[in-house]
Every structure is written in C-alpha cells, then in structure tokens.
Amino acid sequence: MNRRDRRRFKSNAMVALMIVAVVIAVLPLLFILGSLLVHGASSMSLAFFTRVPVPAGETGGGVVHAIVGTLVIVGIASLIGVPVGIGAGIYCAEYPGSRMAVVTRFLSDVMNGTPSIVVGVFAWTLIVAPSHHYSAVAGSAALAMLMIPMVMRTTEELLKLVPNSLREAALALGYARWRTTLSIMLRTALPGIVTGTLLAVARIAGETAPLLFTALGNQYLSFKPNAPMAALPLVVFSYATGPYEEWHRFAWAAALVLIIVVLVLSVAARLATRQRFGAARG
Amino acid sequence: MVEAVARVQTEKLTALYGKFTAVKDVTLGFAANQVHALIGPSGCGKSTFLRTINRMHEMSIGGWITGSVLLDGADIYGPDVSVIQVRRQVGMVFQKPTPFPTKSIYDNVAAGLVLEGGRARAELDEVVERSLRRAALWDEVKDRLRTSAIALSGGQQQRLCLARTIAPEPEVILLDEPTASLDPQGTQRIEELMFELKRDFTIVIVTHNMQQAARVSDTTTFFYLGAMIEHGPTRQMFTTPTNEQTEAYITGRFG
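Note that the protein sequences, when read in sequence, are chains A and B.
For the first sequence, my numbering assigns the number 176 to the initial residue and increments by one for each residue that follows.
For the second sequence, my numbering assigns the number 563 to the initial residue and increments by one for each residue that follows.
Hint data in this document are derived by calculation from the structure and do not stem from the laboratory.
As the structure is a computational prediction, the values presented were derived from the model and not from experiment.
Every residue, glycine too, gets a C-beta built ideally from N, C-alpha and C.
Watch out, some of these pointers could steer you wrong.
[What the hints assert, rightly or not] Residues from chain B that keep clear of chain A, each with C-beta distances beyond 12 angstroms, as calculated: (1) Y639; (2) E678; (3) R692; (4) E702; (5) D738; (6) D745.
[Said to hold, decoys possible] If you want the footprint, here are the derived chain B segments under chain A, 3+ residues with CB under 8 angstroms: (7) 595 to 602; (8) 662 to 669; (9) 681 to 688; (10) 772 to 786; (11) 798 to 810.
Chain A on its own, in the form it takes in the complex (with noise of 0.2 angstroms):
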C-alpha cells in the first residue's frame, strides 16, 4: 500500500467510526419515539386531550388536567428563573472578575450538578412545610431552582462571544453602559440565549422528582397554583406503576404528549427567534 492509499484508507475508516458514533447517539433518541408512538398513539383521541381521568376500571378520559398543570408549572417556574437567570448571566459576563461573579458562577456550577430529587426535598422545606400544604408553586419553585444555573450559564457564555469591539463601539458613540449591554451586547446574543432557556424550559418540563413531592398531583383539573397539581412527568410516574393495562397505555401517550410538548416549545422558539439577517446562530 503506497502512502496515498494509506491515508486514503485512514481517512475513510475514521469517517465510518463517526458515522457509526452519529447513529449510536440518534438511534436511542429514534427507539424512545417510536416505542412511544407504538405504545402511545393509540391512546390518544380527542378526549384524552379534554377529559380528566375517569376512577380505575372505567376506560375513557383523558389527561388534560396533566397538560395544564405541565403548563401552569412550568410556566409559572420560567416567570421566575428565567429574568433571574438571564439577570445574573448578565451580570457575570458584564463584571467578569468581581468576586461577586466569580462566586455566582461557582455556585451555579454547583447547583447544576445536585440532583433534582435535593431541590426538591429543599423547595420541600421552604415552601410545603411551613404552608402546610402541596401546591404548584412549590413545584415552580423547585423548576426554578434547577433552571437558574442553565439560563445563567448560557446566558453569561452567548454575551461573551459577542465581540468586546461591539461595546467599545457603542460606548464611543455615546451608548450608556446598560443601554451597550441591554440593545447590543444582549441582543447580539439573543438568538442563542432565546435557544439556551427553551432548551432550559424542556428540561425542566420533563423533571419528575422535584414535584414529587412539591405539586404533589391532582386527579383533577386545577388551575390554583397553591393547591397540589397534576403535571405529565407525574401522570406518567403514577400510570407506569400503576397495576392496571389502561393506566399502562394512558402512560406511554401522556409520555408521547410530554414529548411532543417539548418539540412544539422548541420548533417554536426557533421559528419566533429566527434571524432577521440569518447572521449566525447560537
């Protein structure tokens, strides 16, 4: 084999290991969809999107109590970590060197290692026990608490890459300090900060253990945010455990739901944030 051939062979053995690499990382993601919409899709019907579930044995209902409730959760939980997020990114990518900064950013890199079952056991605390009761917002809390760290970290690194020649160019044109950082610096970067928190937000809408015992669940519709409410990674949990065949079928297509859910939040994010210029993208 001459030395062409060699590399020729090199270069395409390398090749076929990433593509085996890109498929071992696609192909779980494809499994889960498709078992969820051989398992799923056939529970799905109009009434299971405005039915709440009917008691065990009867079949019919729906899961519409669980949509809202993922909703009014984790729309709730984004009011709150999202501007905080965002806020403390800002302030960590403008004073990069303060100790303030340099402690924040430690300690969210510490928050978002510990496992969602802590913050839950910890919005427990704070909110549930001394209330006396569950409720949605004791869940929202705990979202928030998990979505901080992400929105944060995102936030603070999409403003870094954002060229320091842009500041100094405003701030030579007579831009105030927080008029550079609010109309340049962070909308330069909002394509991919818009992108980072929805991927926050799809996180979060997923997690299960910080609303076991926060939201709590509810069997029926509820829009109170300080009374328990159900959410779909909970009906999900009590349906799979659950002894019954229908509960089983009623927790692949609320999965499905939850999934597609997520999607729509993504696709949609994309969409509404697309570049005007199609300059890049985060």
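Dock chain B against chain A, hints included.
Positioned in the frame of chain A, the structure of chain B alone reads:
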C-alpha cells in the same frame, strides 16, 4: 509650535494601566479642521493617547489618567462632565470595522442619532442619507438600506462605521488605524474621504503606515516609549525632522 486655538489640547497628560505608564506627560494641541497623524512603533502609546481624547481609555482594565484634555478649552475630565456627552462630541472609528450585526445598514447609521430621541422619520432619513453620502457609501447601499450591515465588504463596513460616527455631527473624529484591515482600494477610499471630512471635522488618526501619514495629514506627532518625541507640520516632520529618533523611525531604521 503654537496654534491659535486648538480644538483639542492635552495638558501634561499621563495615561496609565494600573501602575504601568503608557503615555507620559504629553502636552499637545490639535488645530480645528486639520488631519493630525500619530505615528510610532507598536506599543508606543499612540492608541492609548488617542483613547484618552474620547475617554475610552478609562473603559480599559485599570485605565486612568492624570493631567487634562481640553475640548474647545473645556476639560473633558472635569467633575461635571458627562462621558456620554464627550463621546458624542468626539467620535471614533476602530481598526476592525464594527457594524452592529443585528442592525440594518440604515439602523447602523442611525444608531447614534436615535439616542437623542425625538427626531421625525423624515429628518432621520435625511441625516442617514447625508451621512452615507459623506462617507461615499450611499450609491453602493441606497437600494439595500434595510439589509444586513455585515453583508457588506470590509471596506464598505469601515465606511459605514465612518457614516455612523459622523451622523450625530461630532466635532472631532478619532481614527484608530482605520485602514489596517482593508485592502489598498478600501484604504484609498478612506484616505480620500479624510480630505473631504476635514472641512467639517477635526481628525486625529493613528497609523502604522508612514506613507499614509505623509499623504493625509497636516501635522504629525511621533510617539516613542510613551513619550511624545516630536510634533510638527507633516512636511517638515518627513523632510527635516529635528529629532534623531524621529528620523530613524521615519526612514525605517527601527520600529
């Protein structure tokens, strides 16, 4: 040399980064409606000096000054002076073109204007067009004002930045190696523009390019190791410099 009334005058200006002195004790005046070139080897302090004139130096880590910089006789480092106001009077164009990537060509030029607010649409249109014409960019972009500014070539981007800088009508324009990242054609366009623009503005340009300094400027100042070595009319500086170091630098023996 004595100039009647300098538009920009520095008095014993020393610029520092923490404890490091980048510019030492410079007293220097720039007359209005002329092009003033600052030359010297890399690290000689000429860019730092330039950045003290619009108070951008203090945005650098550890940046501070002693002495003073007078704009039309008023100290821009005075206690009641608004930094923002100073930067509106003293515009700046950087070495690398810096169009705002999220803004259109039009919005880039208008970026400094909308800060004041309260301008009618028609007036804004007019200023944007006039600024682009003065930067010799209008004919190339008039049909795509609403498109991305970063789709322009490097030379066009730099002229866009020039248009953005002159739109709010500053008195002084600082150019920090404005042609260092441009091709010869782009460089020529910018140099030609300086002759036009000095009618309305006072221009201070930092350049590494001897020929450029000789071509475009009325006065030249030579910096070396943070000190101002020599200052004078450009022709005199390039033909009969009084200082040996100036002569050595200009003739290419060092730097």
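Now for the hints, and whether the structure bears them out:
no.: 1; hint: Y639; in the structure: holds (16 angstroms)
no.: 2; hint: E678; in the structure: violated (9 angstroms)
no.: 3; hint: R692; in the structure: holds (17 angstroms)
no.: 4; hint: E702; in the structure: holds (18 angstroms)
no.: 5; hint: D738; in the structure: violated (10 angstroms)
no.: 6; hint: D745; in the structure: holds (20 angstroms)
no.: 7; hint: 595 to 602; in the structure: violated (count 0)
no.: 8; hint: 662 to 669; in the structure: holds (count 4)
no.: 9; hint: 681 to 688; in the structure: violated (count 0)
no.: 10; hint: 772 to 786; in the structure: violated (count 0)
no.: 11; hint: 798 to 810; in the structure: violated (count 0)
In this structure, the earlier hints numbered 2, 5, 7, 9, 10 and 11 are contradicted, and the remaining ones agree with it.
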